[in-house]
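K.L.:
Sequence:
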Amino acid sequence: MNEKLEQFKRDIVNKKVAVLGIGISNTPLIRYLGKLGVNVTAFDRAGRDELMPALKSLEGLDIEYCLGPDYLEKLKGFDVIFKTPKIRFDIPELLREAEAGAEITSEMEVFCRLCPARIFGITGSDGKTTTTTLICKILEHHGYKCWLGGNIGTPLLDRIDEISGSDMVVLELSSFQLHTMHNRINTAVVTNLSPNHLDVHRSMQEYIDAKKNIFLYQDVSDTLVLNYDNEVTRGFVPEAPGKVIMFSRTADLDKGVTLSGGKIVYRHGGREVDIVDVNDIRIPGVHNVENYMAAAAATIEFVEPPDVRAVAVSFGGVEHRNEHVRTVNGVSFYNDSIGSSPSRTMATIRAFNDKVILIAGGYDKHLSYDEMGDVLADKVKCLVLFGQTSDKIEAALKAEVKRSGRGADIPVFRCASMEEAVRKAYENAVAGDVVLLSPASASFDHYRNFEERGNHFKKIVREL
Numbered sequence: 000m001n002e003k004l005e006q007f008k009r010d011i012v013n014k015k016v017a018v019l020g021i022g023i024s025n026t027p028l029i030r031y032l033g034k035l036g037v038n039v040t041a042f043d044r045a046g047r048d049e050l051m052p053a054l055k056s057l058e059g060l061d062i063e064y065c066l067g068p069d070y071l072e073k074l075k076g077f078d079v080i081f082k083t084p085k086i087r088f089d090i091p092e093l094l095r096e097a098e099a100g101a102e103i104t105s106e107m108e109v110f111c112r113l114c115p116a117r118i119f120g121i122t123g124s125d126g127k128t129t130t131t132t133l134i135c136k137i138l139e140h141h142g143y144k145c146w147l148g149g150n151i152g153t154p155l156l157d158r159i160d161e162i163s164g165s166d167m168v169v170l171e172l173s174s175f176q177l178h179t180m181h182n183r184i185n186t187a188v189v190t191n192l193s194p195n196h197l198d199v200h201r202s203m204q205e206y207i208d209a210k211k212n213i214f215l216y217q218d219v220s221d222t223l224v225l226n227y228d229n230e231v232t233r234g235f236v237p238e239a240p241g242k243v244i245m246f247s248r249t250a251d252l253d254k255g256v257t258l259s260g261g262k263i264v265y266r267h268g269g270r271e272v273d274i275v276d277v278n279d280i281r282i283p284g285v286h287n288v289e290n291y292m293a294a295a296a297a298t299i300e301f302v303e304p305p306d307v308r309a310v311a312v313s314f315g316g317v318e319h320r321n322e323h324v325r326t327v328n329g330v331s332f333y334n335d336s337i338g339s340s341p342s343r344t345m346a347t348i349r350a351f352n353d354k355v356i357l358i359a360g361g362y363d364k365h366l367s368y369d370e371m372g373d374v375l376a377d378k379v380k381c382l383v384l385f386g387q388t389s390d391k392i393e394a395a396l397k398a399e400v401k402r403s404g405r406g407a408d409i410p411v412f413r414c415a416s417m418e419e420a421v422r423k424a425y426e427n428a429v430a431g432d433v434v435l436l437s438p439a440s441a442s443f444d445h446y447r448n449f450e451e452r453g454n455h456f457k458k459i460v461r462e463l
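The sequence shown begins at 0 in numbering that gives the first Met the number 0 and counts up one residue at a time.
Note that these hints are calculated values from the structure, not bench results. Predicted model, so just to flag it, every value in this text is computed and none were measured. Heads up, a few of these hints could be off.
[Stated by the list, open to error] Result set (SDA-like, lysine to any residue): computed pairs, CA atoms no more than 25 angstroms apart in a straight line:
#1 K354 with G315
#2 K354 with R308
#3 K85 with D198
#4 K380 with G329
#5 K378 with P283
#6 K8 with D69
#7 K3 with T83
#8 K14 with K144
Construct all of the structure, not just a fragment, from the sequences and the given hints.
P.N.:
Right, here's the structure in full:
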């Protein structure tokens, strides 16, 4: 019996509970609390029509709703408030309620506190979804029962009654989920860190501090996996409460996960263990070699090298991550809608041997695009832009042209929609070309999320 969970159930039914946000992560939470008989009020900025699919899934439960632009005006007198990850913890309404005695928490924080199984938590600016998926698949191949969730799109609190102490839980954790996290993560992985989400975080330091919560509450028996090649993550070592395993694609580490003779190897205690040949990795790009290194470091104590190789030769990648959609008249279309930052898009572009026709642009997260100029000039044949960041991306290319003269012959097209962008890219392609959607920007100027953007792109390509 999970005594912590049973105590939570006994306590929560006697409290007045608010849930802020009726979205992917919180709808199952609302349903779970409703079935327990908790007095729940669900809040959301959207109106009833927009939320109808979620509301229909909650029919039959005694849930109160506060909807619309002024939804937070009635956030008063609650004992427990579950906030959605994108809502900052320090908005006036939450600060007021916290001062009045309310517990401010989230679905993920409560899950981590109550979970009886070992938790693998993965965060980072780039690569965290692929690394999370790899860890889960490697553990499953060895025979563990695994639960995959978190920012990858699957909340788990409503499934916690089914999780046993012998299972493994693998969570992708965003900076928003970690911002107020004070719970223990047994194996923590930080893939890398570069500027991101500065439209929500007030500074790069706040973003870094949020990410650090993934390991600050570990104990001496826990493990932290860090990217040696990333200056920020390498600097976390002195703060780690437990064991640290570093991985590096560029440095020849004496201890940790590194490359040797074209293989990913683990060095420890004077021994070297071959894990997987990089040529066996099915998904392309050096960034995916790094993702396998991180996954190998996280699972090294629980699996055998053949488990890693079995996944490497069979796993074709995660949807919306450099995903091949279709080849039309010799033109190959790839969907990398997850590319919501310059660093992610640059890594994807570099995964291709030849120049690409790039479709980019989207919601502005207040990131710098200056570093993109060099990669655009070197690896892009034609640049197709639409969205808020179009000016910034084109300016990065122009700055590189002015600096080095490279990229002056790259045609740049401005478009008003995804349909126009795909059409323009196709018109300028010849057999053998690659058309790549990798926006280097978030999706929120035109879409609800990167999945919706990627699906729209794929629909248009399939109709060509």
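K.L.:
Next, verify each hint and record whether it holds.
P.N.:
Results for each hint:
no., hint, in the structure
1, K354 with G315, "22 angstroms, holds"
2, K354 with R308, "30 angstroms, violated"
3, K85 with D198, "11 angstroms, holds"
4, K380 with G329, "16 angstroms, holds"
5, K378 with P283, "16 angstroms, holds"
6, K8 with D69, "31 angstroms, violated"
7, K3 with T83, "23 angstroms, holds"
8, K14 with K144, "34 angstroms, violated"
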